[in-house]
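Engineer: Take 302 as the starting number for the sequence shown in the numbering used here and just add one per residue.
A hint or two may mislead.
[To be verified] Once the Cα atoms are required to be at most 20 Å apart in a straight line, the calculated DMTMM-like pairs of lysine to aspartate or glutamate come out as:
1) Lys385 <-> Glu431
2) Lys356 <-> Asp371
3) Lys378 <-> Asp393
4) Lys428 <-> Glu404
5) Lys378 <-> Glu415
6) Lys348 <-> Asp371
7) Lys320 <-> Asp388
8) Lys368 <-> Asp335
9) Lys368 <-> Asp352
10) Lys378 <-> Asp362
11) Lys348 <-> Asp388
12) Lys385 <-> Glu404
13) Lys407 <-> Asp393
14) Lys436 <-> Glu415
15) Lys378 <-> Asp352
16) Lys407 <-> Asp335
17) Lys410 <-> Asp393
18) Lys320 <-> Glu414
19) Lys378 <-> Glu404
20) Lys368 <-> Asp347
21) Lys320 <-> Asp382
22) Lys385 <-> Asp371
23) Lys348 <-> Glu414
24) Lys410 <-> Asp335
25) Lys368 <-> Glu390
26) Lys368 <-> Asp388
27) Lys368 <-> Asp382
28) Lys385 <-> Glu415
Hint data in this document are derived by calculation from the structure and do not stem from the laboratory.
Predicted model only: the values in this text are computed from it and were never measured.
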Amino acid sequence: MMQAPIILLKEGTENSQGKPQVISNINACQAIADAVRTTLGPRGMDKLIVDSSGKATISNDGATIMKQLDIVHPAAKTLTDIAKSQDAEVGDGTTTVVLLASEFLKQCKPYVEEGIHPQVIIRSLRKAVELSVAKIRQIAVTVQKGK
């Protein structure tokens, strides 16, 4: 007896994969980063966002801006989820985490375009993290309380 197929995606959902989809994911995340990039820092600029009902919002807060955007791309939504998690956990740094994640993706993009397997890229990033943490621990200075 044949088992009925299990449907995981909504009807009409587009399914794509491979190198073009990975590049599309990177580009979508870079578009989100570009939307909040100029809000970072003491000279960060305000953004004017007008929603579909005509309500205007002016903000230089990355979390507020991303909440106002109508994001449909799954990878871009994941990036905004990272920002929401940062906001919920720390209450600040949403723009920074988006820009850092986007920059990692931007640096990986040429390797994806070259056809290097994603697992090789991930392994390399993990090694870079390992080396970075070791270097930070090596140059760290202990701070004594009260001195």
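Engineer: Against the earlier hints, flag every one the structure doesn't satisfy and list their numbers going up.
Structural biologist: Violated hints: 1, 5, 7, 13, 14, 17, 21, 23 and 28; rest satisfied.
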